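Enquirer: What follows is the residue order along each chain.
Protein chains: 2
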Amino acid sequence: METKTMNIKVEKAKTSKIGQVDFNNLAFGNVFTDHMVVCNYKNGSWEVPEIVPYHPITLDPSAKIFHYGQSIFEGMKAYKDGNDDIWLFRPMDNCKRLNISAKRMAIPEIPEDYFMESLKALLKLEKDWIPQTPGSSLYIRPFIFASGNGFHASPADEYMFIIAFAPSGAYFSGKVKVLIEEKYSRSANGGVGFAKAGGNYAGQFYPTQLAVDKGYNQVIWTDDNTHEYIEEAGAMNIFVRINDTLLTAPTSDRILDGITRRSILKIAESEGIPVEERKIAVSELIKAAKDGSLKEMFGAGTAAVISPISTFGFRDVDYDLPETPNSYAALFKKCITDIQYNRAEDNFGWRLKV
Amino acid sequence: METKTMNIKVEKAKTSKIGQVDFNNLAFGNVFTDHMVVCNYKNGSWEVPEIVPYHPITLDPSAKIFHYGQSIFEGMKAYKDGNDDIWLFRPMDNCKRLNISAKRMAIPEIPEDYFMESLKALLKLEKDWIPQTPGSSLYIRPFIFASGNGFHASPADEYMFIIAFAPSGAYFSGKVKVLIEEKYSRSANGGVGFAKAGGNYAGQFYPTQLAVDKGYNQVIWTDDNTHEYIEEAGAMNIFVRINDTLLTAPTSDRILDGITRRSILKIAESEGIPVEERKIAVSELIKAAKDGSLKEMFGAGTAAVISPISTFGFRDVDYDLPETPNSYAALFKKCITDIQYNRAEDNFGWRLKV
Ligand SMILES: Cc1ncc(COP(=O)(O)O)c(C=O)c1O
Ligand SMILES: Cc1ncc(COP(=O)(O)O)c(C=O)c1O
Numbered sequence: 001m002e003t004k005t006m007n008i009k010v011e012k013a014k015t016s017k018i019g020q021v022d023f024n025n026l027a028f029g030n031v032f033t034d035h036m037v038v039c040n041y042k043n044g045s046w047e048v049p050e051i052v053p054y055h056p057i058t059l060d061p062s063a064k065i066f067h068y069g070q071s072i073f074e075g076m077k078a079y080k081d082g083n084d085d086i087w088l089f090r091p092m093d094n095c096k097r098l099n100i101s102a103k104r105m106a107i108p109e110i111p112e113d114y115f116m117e118s119l120k121a122l123l124k125l126e127k128d129w130i131p132q133t134p135g136s137s138l139y140i141r142p143f144i145f146a147s148g149n150g151f152h153a154s155p156a157d158e159y160m161f162i163i164a165f166a167p168s169g170a171y172f173s174g175k176v177k178v179l180i181e182e183k184y185s186r187s188a189n190g191g192v193g194f195a196k197a198g199g200n201y202a203g204q205f206y207p208t209q210l211a212v213d214k215g216y217n218q219v220i221w222t223d224d225n226t227h228e229y230i231e232e233a234g235a236m237n238i239f240v241r242i243n244d245t246l247l248t249a250p251t252s253d254r255i256l257d258g259i260t261r262r263s264i265l266k267i268a269e270s271e272g273i274p275v276e277e278r279k280i281a282v283s284e285l286i287k288a289a290k291d292g293s294l295k296e297m298f299g300a301g302t303a304a305v306i307s308p309i310s311t312f313g314f315r316d317v318d319y320d321l322p323e324t325p326n327s328y329a330a331l332f333k334k335c336i337t338d339i340q341y342n343r344a345e346d347n348f349g350w351r352l353k354v
Numbered sequence: 001m002e003t004k005t006m007n008i009k010v011e012k013a014k015t016s017k018i019g020q021v022d023f024n025n026l027a028f029g030n031v032f033t034d035h036m037v038v039c040n041y042k043n044g045s046w047e048v049p050e051i052v053p054y055h056p057i058t059l060d061p062s063a064k065i066f067h068y069g070q071s072i073f074e075g076m077k078a079y080k081d082g083n084d085d086i087w088l089f090r091p092m093d094n095c096k097r098l099n100i101s102a103k104r105m106a107i108p109e110i111p112e113d114y115f116m117e118s119l120k121a122l123l124k125l126e127k128d129w130i131p132q133t134p135g136s137s138l139y140i141r142p143f144i145f146a147s148g149n150g151f152h153a154s155p156a157d158e159y160m161f162i163i164a165f166a167p168s169g170a171y172f173s174g175k176v177k178v179l180i181e182e183k184y185s186r187s188a189n190g191g192v193g194f195a196k197a198g199g200n201y202a203g204q205f206y207p208t209q210l211a212v213d214k215g216y217n218q219v220i221w222t223d224d225n226t227h228e229y230i231e232e233a234g235a236m237n238i239f240v241r242i243n244d245t246l247l248t249a250p251t252s253d254r255i256l257d258g259i260t261r262r263s264i265l266k267i268a269e270s271e272g273i274p275v276e277e278r279k280i281a282v283s284e285l286i287k288a289a290k291d292g293s294l295k296e297m298f299g300a301g302t303a304a305v306i307s308p309i310s311t312f313g314f315r316d317v318d319y320d321l322p323e324t325p326n327s328y329a330a331l332f333k334k335c336i337t338d339i340q341y342n343r344a345e346d347n348f349g350w351r352l353k354v
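Chains G and E, in that order, are what the protein sequence lines are. Just so you know, we're using UniProt numbering here: the first sequence kicks off at 1 and counts up by one. Just so you know, we're using UniProt numbering here: the second sequence kicks off at 1 and counts up by one.
Just chain G, same shape as in the assembly (with noise of 0.2 Å):
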């Protein structure tokens, strides 16, 4: 799709609520900034993005997203650093997926310039708003639904994209605990599991809470079919350390392709770190478990960066992970939070300056 500049119409807000909110004590995604982008799909095409004041939504009882699912988001973060410049991480990274998100569920793309354009309009509007406080940072969340109405199954013919901001702390306070499922699922061969799409996070929630009222604080899924592999978490993709080599489950129609997790291999593959992309059955999990040769296993996804994991579950047995020195969680976390906050060289070029 064409790039071009834009002139992104701006309508301020009369009044800021950023005295109101306490930067030192930001839970995760419930507080949000004076200002967000709204681009209208209609008659067959997106209109211009306009930034306008945060304001509630309006829509028909009819409206689909009501009724059948049809929306996808996407979660990055804006980072400030030192001198008070402000960095993205890899954008058009989400920016691509959420419109691979968007054909399968039969949404239309947005296209690039719209996306990028006005997501740096509204960076630079609340830049106040991204925290300085050490694991924190500014969430971003870009999301198209259906606006379109009717009770017919079948694509609504209007959208909105909104991108909404929310300063926000740490996903995980400390580490994790696990639980492997064998019963319920989280997407299907030839399903949606791929896309960032709202189905796929309602269908968690029930599994989730089954596996929080035992004591965990997550679930990781195993694939549909024989539940004999691991797949990944709710919003993490599952990476496992036996001896030295670092494993993590291929990409697959079932399975979101992080950008975190492309990430750390690439970081793995400079650093020497051997990396295995293959299925990983729950068997040699406990195997290496019970012999010592796991030393670790993390989660690894926007939201939640890099998050060790202590301990997981699997048939009513808990397998405790060791310490481990020179931890490659500790390892990606630094190089990639490096790079985000702008503390070190940027090799990858991954920064991108707003």
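Hints are computed from structural coordinates only; laboratory data are not their basis. Given the structure is predicted, the values throughout are model-derived calculations rather than measurements. Backbone N, C-alpha and C fix where the C-beta goes; we use that ideal spot for every residue, glycine too. Where hints are given, some of them may not hold.
[Stated by the list, open to error] Derived, one-sided and incomplete: chain E residues facing chain G with beta-carbon distance under 10 Å:
{"hint": "1", "residue": "F66"}
{"hint": "2", "residue": "P155"}
{"hint": "3", "residue": "A330"}
[As the list claims (entries may be wrong)] Result set (EDC-like, lysine to aspartate or glutamate): computed pairs, CA atoms no more than 20 Å apart in a straight line:
{"hint": "4", "chain 1": "E", "residue 1": "K17", "chain 2": "G", "residue 2": "D85"}
{"hint": "5", "chain 1": "E", "residue 1": "K103", "chain 2": "G", "residue 2": "E182"}
{"hint": "6", "chain 1": "G", "residue 1": "K353", "chain 2": "G", "residue 2": "D60"}
{"hint": "7", "chain 1": "E", "residue 1": "K333", "chain 2": "E", "residue 2": "D60"}
{"hint": "8", "chain 1": "G", "residue 1": "K103", "chain 2": "G", "residue 2": "D113"}
{"hint": "9", "chain 1": "G", "residue 1": "K103", "chain 2": "E", "residue 2": "D213"}
{"hint": "10", "chain 1": "E", "residue 1": "K183", "chain 2": "G", "residue 2": "D253"}
{"hint": "11", "chain 1": "E", "residue 1": "K14", "chain 2": "G", "residue 2": "D60"}
{"hint": "12", "chain 1": "G", "residue 1": "K103", "chain 2": "E", "residue 2": "E182"}
{"hint": "13", "chain 1": "G", "residue 1": "K12", "chain 2": "E", "residue 2": "D253"}
{"hint": "14", "chain 1": "G", "residue 1": "K183", "chain 2": "E", "residue 2": "E182"}
{"hint": "15", "chain 1": "G", "residue 1": "K334", "chain 2": "G", "residue 2": "D318"}
{"hint": "16", "chain 1": "G", "residue 1": "K14", "chain 2": "G", "residue 2": "D34"}
{"hint": "17", "chain 1": "E", "residue 1": "K177", "chain 2": "E", "residue 2": "D60"}
{"hint": "18", "chain 1": "E", "residue 1": "K103", "chain 2": "G", "residue 2": "D213"}
{"hint": "19", "chain 1": "G", "residue 1": "K14", "chain 2": "E", "residue 2": "D60"}
Once you have looked at the hints, place chain E with the ligands on chain G.
Expert: Same frame as chain G, now just chain E with the ligands:
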């Protein structure tokens, strides 16, 4: 749950839109009546439902429905007989299925009396909207969605339950041409296919559009593991007649347990028709189509009623169904609609007078 008579508060619309509606030319689900039921879940419980004028819904951009697809629905119809009496067909089955869907999607279950009493009250108020043109009926859409806010991927703390009505004509016009799908899937083992969850429908739009582009009306889904067995269509369960035996796939966690399907199985039993609920291989269908033992195929669902299939496509070959005298589809359609419109004895106790 306890059932009690409630006093449902009614706020009447100032004017009615009914004069603008051409009841002889109704499409499916794009005209809505003057009022709707609204019921909010807040602070851990469902408030008493109210009837209010049909009006737009206002939500924060962070409302979880926009992000995580936490939504479920039902599809029912109301029928009017020659005496202006109003009838529902197995409404408690819809109410119970809505709560089955609710549980799987981590949505709080709606009290059965809230559902039934508010539905009946709304039907009485909107009785003039129930079409009497043959083939038309009042389509009823109960639905629940996550109205609570926040970007954290976890269940919402607030929900809205709404019942809206749409006087509607036929869902399909004429016989249906279907494509048996081998690549894309509707649902996973251990997934949410048995729930009437929004995301199940959005996931079908793209593959269905590909089938429509090839000249078909609908997709018949196969199991996501082998793609060898037929499951159901987008909004219908599928029945096959081989010689005089009626076949349908068993329900599972991948298939919606349709109320029309359930009713057909009962009628078949009472008519002495041999029935087999078992896996149906695509190869078996093709063999039967070739040797002439495949007599009928039809879809069954509330919206589509009984929809005879004229042709099924598989791997670029079309197989035409023959014209079969004493068709089962015609028998079931007559039997079910005669009960629905109060034209015949209801030996099954399915009809409920409003
Ligand atoms: C299901 C799922 N897997 C993995 C990820 C990690 O992807 P990324 O690293 O691009 O954030 C996410 C979330 O972002 C996700 O929702
Ligand atoms: C996926 C699916 N299968 C089958 C059906 C048929 O179910 P019922 O007969 O209860 O309407 C429906 C719709 O209602 C449906 O959405």
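Enquirer: Hints first: check each against the structure and report whether it holds.
Expert: Hint check results:
1. F66: Constraint on F66(E) satisfied, holds at 5 Å.
2. P155: 5 Å, holds
3. A330: With a closest approach of 25 Å, the A330(E) hint is violated.
4. K17(E) to D85(G): Cα-Cα ~56 Å, so violated.
5. K103(E) to E182(G): Holds. K103(E) to E182(G) sits at ~19 Å (cutoff 20 Å).
6. K353(G) to D60(G): Violated. K353(G) to D60(G) sits at ~40 Å, over the 20 Å cutoff.
7. K333(E) to D60(E): Roughly 44 Å separates the two Cα atoms, so the pair is violated.
8. K103(G) to D113(G): 18 Å, holds
9. K103(G) to D213(E): Holds: K103(G) and D213(E) sit about 15 Å apart, inside 20 Å.
10. K183(E) to D253(G): Judged against 20 Å, a Cα distance of about 11 Å means the pair holds.
11. K14(E) to D60(G): 18 Å, holds
12. K103(G) to E182(E): 19 Å, holds
13. K12(G) to D253(E): 49 Å, violated
14. K183(G) to E182(E): Status violated; Cα separation ~24 Å.
15. K334(G) to D318(G): 29 Å, violated
16. K14(G) to D34(G): Since the Cα atoms of K14(G) and D34(G) sit roughly 9 Å apart, the hinted pair holds (cutoff 20 Å).
17. K177(E) to D60(E): 42 Å, violated
18. K103(E) to D213(G): Distance of about 15 Å is within 20 Å: holds.
19. K14(G) to D60(E): 18 Å, holds
The structure is inconsistent with the numbered hints 3, 4, 6, 7, 13, 14, 15 and 17, although it conforms to all the rest.
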